[in-house]
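Heads up: the sequence lines are chains H and B, in that order. Just so we're aligned: 443 in the working numbering is position 443 of the first sequence, and the numbers increase by one with no gaps anywhere. Just so we're aligned: 885 in the working numbering is position 408 of the second sequence, and the numbers increase by one with no gaps anywhere.
Simulated from the structure, these hints should not be mistaken for laboratory data. Small disclaimer: the values here were computed from a predicted structure and weren't measured.
Computed from the model, here is a short list of chain B residues facing chain H with C-beta under 7 Å:
{"hint": "1", "residue": "T506"}
{"hint": "2", "residue": "A733"}
{"hint": "3", "residue": "T846"}
Derived SDA-like pairs: lysine to any residue, alpha-carbon spacing no greater than 20 Å straight-line:
{"hint": "4", "chain 1": "B", "residue 1": "K507", "chain 2": "H", "residue 2": "G427"}
{"hint": "5", "chain 1": "H", "residue 1": "K348", "chain 2": "B", "residue 2": "K860"}
{"hint": "6", "chain 1": "B", "residue 1": "K845", "chain 2": "H", "residue 2": "A375"}
{"hint": "7", "chain 1": "H", "residue 1": "K260", "chain 2": "B", "residue 2": "M751"}
{"hint": "8", "chain 1": "B", "residue 1": "K845", "chain 2": "H", "residue 2": "G414"}
{"hint": "9", "chain 1": "H", "residue 1": "K348", "chain 2": "B", "residue 2": "P517"}
{"hint": "10", "chain 1": "B", "residue 1": "K845", "chain 2": "H", "residue 2": "P378"}
{"hint": "11", "chain 1": "B", "residue 1": "K507", "chain 2": "H", "residue 2": "N417"}
{"hint": "12", "chain 1": "H", "residue 1": "K348", "chain 2": "B", "residue 2": "V841"}
{"hint": "13", "chain 1": "B", "residue 1": "K860", "chain 2": "H", "residue 2": "G234"}
{"hint": "14", "chain 1": "B", "residue 1": "K845", "chain 2": "H", "residue 2": "V377"}
{"hint": "15", "chain 1": "B", "residue 1": "K614", "chain 2": "B", "residue 2": "H593"}
{"hint": "16", "chain 1": "B", "residue 1": "K860", "chain 2": "H", "residue 2": "S241"}
{"hint": "17", "chain 1": "B", "residue 1": "K507", "chain 2": "H", "residue 2": "R73"}
{"hint": "18", "chain 1": "B", "residue 1": "K832", "chain 2": "H", "residue 2": "R369"}
{"hint": "19", "chain 1": "H", "residue 1": "K202", "chain 2": "H", "residue 2": "Y127"}
{"hint": "20", "chain 1": "H", "residue 1": "K260", "chain 2": "B", "residue 2": "T504"}
{"hint": "21", "chain 1": "B", "residue 1": "K845", "chain 2": "H", "residue 2": "V384"}
{"hint": "22", "chain 1": "H", "residue 1": "K260", "chain 2": "B", "residue 2": "A509"}
{"hint": "23", "chain 1": "H", "residue 1": "K260", "chain 2": "B", "residue 2": "D749"}
{"hint": "24", "chain 1": "H", "residue 1": "K260", "chain 2": "B", "residue 2": "N748"}
{"hint": "25", "chain 1": "B", "residue 1": "K832", "chain 2": "B", "residue 2": "T799"}
Beta carbons are placed, not taken as given, at the ideal position from N, Cα and C, and that holds for glycine.
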Amino acid sequence: MTETIDPALAASGGNGGQPAEQTRQQRSLTTAAARNLATTTKSAPQMQAITSRWLLRMLPWVQVNGGTYRVNRRLSYAIGSGRVSFSVAGDDIAIVPPTLREIRPLATLDDADTLAALAGRFKKKEYRQGEVIAEAGRSADSLILIAHGKVTKQAAGKYGHQATLGTLADGEHLGEEILTGDEGTWAYSATAATPCITFAIKRSELQTLARQSAPLREQLAKSHNGHGPINAHGEAEIQLSAGHDGEEDLPGTFADYELKPREYELHVAQTTVQVHSRVADLYNDPMNQVEHQLRLTVEALRERQEHEMINNPDIGLLHNADLSQRLHTRNGPPTPDDMDELLASVWKDPTFFLAHPRTIAAFGRECTRSGVYPASVPVGNHSVPAWRGIPIFPSNKIPVTNHSTSSILLIRAGEQNQGVVGLHQTGIPDEYQPGLSVRFMSIDEQAIISYLVSAYYSVAVMVPDALGVLENVEIGH
Amino acid sequence: MTAETIEDESETTQRSLSTEAARNLATTTKSAPQVQAISPRWLLRMLPWVEARGGAYRVNRRLTYEGGTGKVMFAGTAADIVLIPPSLTEIGFLAGFTDAGVLTELAGRFTRTEYHAGEIVAADGRLAVIAHGKVTKSKTGKYGHTATSGVLADGDYFGSVLDDAADNDAADNVTATAATACTVFTLTRQAFDEVVARSPALAGYLSGVRSEQGKPRNAKGEAEISLSSGHEGEESLPGTFVDYELSPREYELHVAQTTLQIHSRVADLYNDPMNQVEHQIRLTVEALRERQEYELLNNPDIGLLRNVDVSQRLHTASGPPTPDDMDALLARRRKTRFFLAHPRTIAAFGRECTKRRIYPETLVAEGKTVHAWRGVPLLPCDKIPVTAGNTSSVLAMRTGEDDHGVIGLRQTGLPDEYEPGLSVRFMNIDEQAIMSYLVSAYYTAAVLVPDALGILESVEIGH
Chain H
1 MTETIDPALA ASGGNGGQPA EQTRQQRSLT TAAARNLATT TKSAPQMQAI
51 TSRWLLRMLP WVQVNGGTYR VNRRLSYAIG SGRVSFSVAG DDIAIVPPTL
101 REIRPLATLD DADTLAALAG RFKKKEYRQG EVIAEAGRSA DSLILIAHGK
151 VTKQAAGKYG HQATLGTLAD GEHLGEEILT GDEGTWAYSA TAATPCITFA
201 IKRSELQTLA RQSAPLREQL AKSHNGHGPI NAHGEAEIQL SAGHDGEEDL
251 PGTFADYELK PREYELHVAQ TTVQVHSRVA DLYNDPMNQV EHQLRLTVEA
301 LRERQEHEMI NNPDIGLLHN ADLSQRLHTR NGPPTPDDMD ELLASVWKDP
351 TFFLAHPRTI AAFGRECTRS GVYPASVPVG NHSVPAWRGI PIFPSNKIPV
401 TNHSTSSILL IRAGEQNQGV VGLHQTGIPD EYQPGLSVRF MSIDEQAIIS
451 YLVSAYYSVA VMVPDALGVL ENVEIGH
Chain B
478 MTAETIEDES ETTQRSLSTE AARNLATTTK SAPQVQAISP RWLLRMLPWV
528 EARGGAYRVN RRLTYEGGTG KVMFAGTAAD IVLIPPSLTE IGFLAGFTDA
578 GVLTELAGRF TRTEYHAGEI VAADGRLAVI AHGKVTKSKT GKYGHTATSG
628 VLADGDYFGS VLDDAADNDA ADNVTATAAT ACTVFTLTRQ AFDEVVARSP
678 ALAGYLSGVR SEQGKPRNAK GEAEISLSSG HEGEESLPGT FVDYELSPRE
728 YELHVAQTTL QIHSRVADLY NDPMNQVEHQ IRLTVEALRE RQEYELLNNP
778 DIGLLRNVDV SQRLHTASGP PTPDDMDALL ARRRKTRFFL AHPRTIAAFG
828 RECTKRRIYP ETLVAEGKTV HAWRGVPLLP CDKIPVTAGN TSSVLAMRTG
878 EDDHGVIGLR QTGLPDEYEP GLSVRFMNID EQAIMSYLVS AYYTAAVLVP
928 DALGILESVE IGH
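Generate coordinates for the entire structure from the input sequences, incorporating the hints supplied.
Listed below in structure tokens is the structure:
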């Protein structure tokens, strides 16, 4: 050890004035040698991908014994998510014909040829920022689909000034009334807030097409008189009589249910963990190798479970928000005003917001710019940022697109509140954690032990207004 | 080749029981039927419910001399708007006058004037009724600056045609300025006097009003209780009594009812795990309770929105609900327990706060985090109407019988009671084996003293 003195070190130490020390003999045991006798204290294996998984922590979990959970609802007539899709190939953008059925009056039109013909009649038009797409008071004679861009709806307030009614964006449409046949004027002005690409069809062209195509004609006639009375939420009305005097005839009524309620099957996230038997048998002091292999695998599964509960096209919360519960930011970044708007959409006892950490930072910036400092709220031992007293939890599972846009979720939780619930089944064989099992599979000819690790979960939105999404939130500054 | 085909087959052929097949043996966990229309119903939760034995509740008040609690009504669109003659009785000195012919003639004497925003609406010696628009009343403050004393809007009136009106606005040097474009109907004193001269009925009625106006009254219009204080020596003390209204308002319990029909086969057989009748009743009751809240706010007879005293009706100064407007609303009463507003109005108020760099603290009410202003909870309620012009209202109220506030009335102990004030009675089973239940909710709301309930009107919620 002492012989191998770094010459560079010796040279640099030369000016220090103590050259004698460098050549001095080692007089006691070095730490390097001592380490050979000592036991190193070791940490358990660490993992960067573990997050706080607030969604899993905050959602109440409902026990699903038969593997399937049926959400019974009052009969509701509203159908169609309302968003038309567009295919983009380079500069060429076109309507995907089957998605025209997302427009409510066309919801039950099944004829592919008719849909294709209808899609073909739409004319593409581009608008620059600030251009007027529809003007209040003019005759509303076309159905306009927004392929790309943001459109602001404005109308004159009661005392004359302009009031903004809301924002429409990609896939949404205006002028649905021409399908149901009522002649009328635009109740609002629509202005392009960003450069917009739209597709429009005139009433006259629609009527020409309807004369040629029997399925379309029937569809348009059908949408006039589809169903009985409905309430503001599209549910079949429970008829009541109130404030009457004397011996009035009372309505007979019943609460109708959906005939085909949605059933949520438990999804599964699975993997096999393989451990060589020699590793499992011998290297277990002080830490059990199998246990740590399993612990890390379970953490990874739980992370995946949260990802799926947000992003899965079937059960994921981002894909299960009702159209009326999807809002767009007005300018781009998440402003306090947008958050207030989101709170107004899930106004019945909201429980928490969920947003990407960068989105939360962007919201903090907007608060600072507006000059407000929202108080944070305590949750357990943590202090979390909040807006109007509702905590905003971070989750990196909410995707951030290439254009630095993301979404903010607002959730009402709980089965009793008709909110969002997590579904799982406890009491499964070889259960390791609630809803997660570790089963021994086999030891193969190479002496590798395999364990099957499975997590079963799903998430259900009991009624549409339990979940709101603020979309297209720009998080770059 | 053969190996490949075998592999392909093994991929496509199911080797074990599929989940679809397994589900046929398993019991699906089912949720109770969910309803979107259920709301938190804060009004029903926050109102103290008072027992109304005998189905009616009489609110005895001190005798009040002032009449006319509402607004003059107009019909038609902006171009050809006309005054509805019977609604002229909403003007204080015409309250209780019933001669329709004279009222129609009076209505005909009004002339219509349009004002642009910023113009001064002259009302000296005239009665001006605002058909549409907002008018700001202001006067010169003690040290020279202009002090705003309130906002009037659709249906409100100002000025007077009575020569002896002591509290005439003109006498106070009040200037009325159009805050927005305004349509105003005015009646000159000369025209009014002509009508009075021709109608003995009106002349007689007015002399009755004048003699009543001579009686002593306090600031709230109640008959004065004469007192003496600060006197020295042997002054003769006033003899007094507290006069009551002779025909006090009685609130009868209103009813919301329906008959619930269930086929006996459904009720008999399909009861595992959830009782069908129970859930039908639960959903019907929820619908009734939602309707009850709607009626408590909007019913023309008992609805709180219709029963606000004219002195408690405010208008927003600019349009959106600002902190200043909410402060003005709070200032009109003691012990405001809560505000009630449409969720979109609350969002609009939040925007106005943010614009002013204010972050109002939230409160916890009944375990729920709610918005608040000045420590008074601002509760959401989707039954407060939002008009086509995107305007809405904010209600503020003091509650409780002890505080002379707003109370809910109901009667408990009904036969076949299901919840307090709500009964479910079995009616019959008919020849088609349909069982019928009569579901009734009895309720009403009473404002004990006019200043218990205030409203901020024409709140613009578009942003």
